[in-house]
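Colleague: These are the residues of each chain, in order.
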Amino acid sequence: MGERFKLTVNGVQTETEASGDTPLLYALRNDLALKGTRFGCGSGQCGACFVLIDGHAAPACDTPLWSAAGKSITTVEGLGPSGALHPLQEAFLAEQAAQCGFCTSGILISAAALLANNPRPTETEVRAALDRNLCRCGSHNRVVRAVLRAAAQAHT
Amino acid sequence: MNTVSDRLKRTGSLEKNPRLSQWLRLERDATVSVFSGKVEIGQGILTALAQIVAEELSIAPERVRMFAADTSLSPNEGVTSGSLSIQDSGAALRRACAHARALLLERAAKRLGVSVADLRVKDGTVRGAGRSTTYWECADKALFDCEVEEASPKSPRDYRIVGKPAPRSDLPDKIAGRPRYIQDMVLPGMLHGRVVRPPQSFVGLVSLDDTKARSITGVVAIVRDGGFVGVLAEREEAAISAQRALRNAASWKAAAPLPRDIHAWLREHSIDHGVISEKVDAQAKSKEVRTLTASYSKPYLSHASIGPSCALAQFEGDRLAVWSHSQGIFNLRHDLAKALDMPEKAIVVRHAEGAGCYGHNGADDVALDAALLARAAGSRPVRVQWMRDDEFCWSPCGPAMALDLRASLDAQGNVIAWQHDLWSNGHSSRPGRSDQPALLASWHLSEPHERPPAINMPLPAGAADRNAVPLYDFPNQRVVNHYVREMPVRTSALRSLGAYANVFAIESFMDELAQAANADPVAFRLRHLGDSRARAVIEAAARRASWSGWVPNEGRGHGIGFAKYKNLGAYCAAVAEVEVGHEVRVNRLILAVDVGLVINPDGVRNQIEGGAIQSTSWTLKEQLKLGEHGVASLGWEDYPILKFSDVPAVEIELINRPELSSVGAGEAAQGPTAAAIANAVENALGVRVRDLPLTPERIVAAIEAQ
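The listed protein sequences derive, respectively, from chains P and H.
Just remember that the numbering used here sits 22 ahead of the position in the first sequence, which is counted from 1.
Just remember that the numbering used here sits 119 ahead of the position in the second sequence, which is counted from 1.
Because the hints were derived from the structure by calculation, they are not lab data.
Virtual Cβ for every residue (Gly too), placed ideally from N, Cα, C.
Mixed in with the good hints there might be a few duds.
If the Cβ cut is set under 10 Å, some of the chain P residues that face chain H in the computed set are [unchecked claim]:
id, residue
1, Trp88
2, Ser94
3, Gly123
4, Leu156
5, His162
6, Gln175
7, Ala176
Reference excerpt, derived from the structure (chain P facing chain H, CB under 7 Å, subset only) [what the hints assert, rightly or not]:
id, residue
8, Cys68
9, Leu115
10, Ala150
11, Cys159
12, Ala174
13, His177
14, Thr178
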């Protein structure tokens, strides 16, 4: 049966009613209508569903509600200040760093976690930080350029 | 002349969709609605088509509204495949817009009391004799209610929008994380569905205990029709739990075991041996001094879309609406009608964007799944999303291929005879091409349809034999396509079809021959190639890569590959620079590309770079694992693809030819990249690996065999 879980998503406290082993992904997408977090594999292998949980990039498909409760969750919709894009998103637009874009949300989350801990990463560090995110269209190099652009702009 | 001229009729998709109103509509808010039958699959086609429309009509690109394809309002342009959208839809829209512009200027001239020749247009505002009007003031509803007539499109010399990089119109939503994909759609009262299939081919469902699934809170219905089993639930996670419970409680009768050596099996099971090219020159043949042979192979590949396939369906009485990311919504409607035993006109299929598909994946199949479950849901809409293992196990895969090449050299080291034999299943089992529905669930119903075999489209584009005929000038030549109808694993179109393996084999073999002739691989290709555009891309790639200045270094190598896609489309040459340690690392790819007139340079670059990186992934890492009864790659751990740290630097040289027709860019890089990498590996190690993918095990085996 459903239990009630208190979640803090993009700075807003909400409550959702579902079974405790429900993956966070479905609460985000279907209860909170935050569709930017994508289903890709259901087992944390592709990164399409990454969200920040207390600042760490983690797969929402593999995070049960009971373990997400009480933690601070940020989805792609909450990366930027309210209503505006995050500098990473601006950089992705500037570099046209996507093809189908289905992996983009998860990549933005990994990149945001990286820049929070390492504001001036090298290209090698960017690639290593994104190795948990799969991209099938071959937009990798544009994505790396976009992350480096966002990092550089934060320091100008 | 008041009818469509013959020349015009042959332009792109106008032949089947001749009415101007099928393509364009002027709206009251000073925008232009555009209806294309081609669909956005992450390749940026809607942006490029909008550039063509904006250019021909002389309006700002922001005024162009591209509508998603919809069987109730779009022209039927078949399938968005084969790198043909710019040729089909782009050419038709350019002609339609040229005619629309002429009609609008005629009206404007009357309104302003000046001749058409004295008019100037800027962003839809028409000026003449010091006065002005707009397209939207001039047009009425009936203006475009006519057939497209001959009118002169703009000269490429006057282009201001076409040929300039344009940002993709769909990316702001996708980068912001706004709902945009079919997976994000929500309809009022929507139920979540999942279909239960075993991870192997089966011929029947023996038993199913649904007790546990029924006990899951929120499960609304369990649907069974023969071997088709699905579940409907109020919440998505409940549908997934029920799917798992049903899968664990079902017993299936497995299909016949798969062949152990698929390439040997293909060679033994061909039923047709089509000679697709034959040239005989006995005098040249008499000069042969040396003959080489080599066998190559390619495994089954998965499309491996990041987003598993998804569809929505809803019945309203006896009418059905389906939302799908299919590449061919009209063909899907045709097969849905057959599978559901409904008239086609009772079904509307609307395109909604999905994740990149790279060919025929599960998009069409899941649409029938959704329709079958919607039939059990009354008038409630149903959303079905495949899980990762559904997509790997049940979507069609790119066919395995075996290839034998044989060639003879004369004393001067020129190729004087060439033979290419290939064995493969067909490369298309898309919907709409057979009497039987090409949709997975239809073969499992209590009254099952027969699974149609994968077929090959005819040459010159071809399918299994795509690019099997070399572009080089060989005096003796024989190319044979050995078609295998029986299909142990379901196959269909994967980006570039047979071109990937054929170009890999031809271009690997060209290097083997160059070595035998003691010639440089670039020079060897050029001396067998008369086509000036082909020579130009090879020379451009070699120049940019400083080919002749390459310094040999332990464990490092460089290689080249070339093809003219389909022998009809884009010219592409690739140079790869690799480093071989315990595995192959591609450090750098340099590609030169000629797609004729470039519409969106940034779009072409994105497609070529993406294609080259995807081909690098196929070539180094990818092969579907097969179990006893079916595909055994269930998740990404069983089907590794290239990661960010593995991706090479990619440089692209774009050769724009404004005077020549545009051809598509989407698939041109697949074959040349593979061959360039294989040739670079040989250059690094002195060992040739002829079986894809070029894994460490394959390389060790090749070294040991030497």
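Colleague: If any of the earlier hints don't hold here, list their numbers in rising order.
Modeller: Result: hints 1, 2, 6, 7, 12, 13, 14 break, sorted rising.
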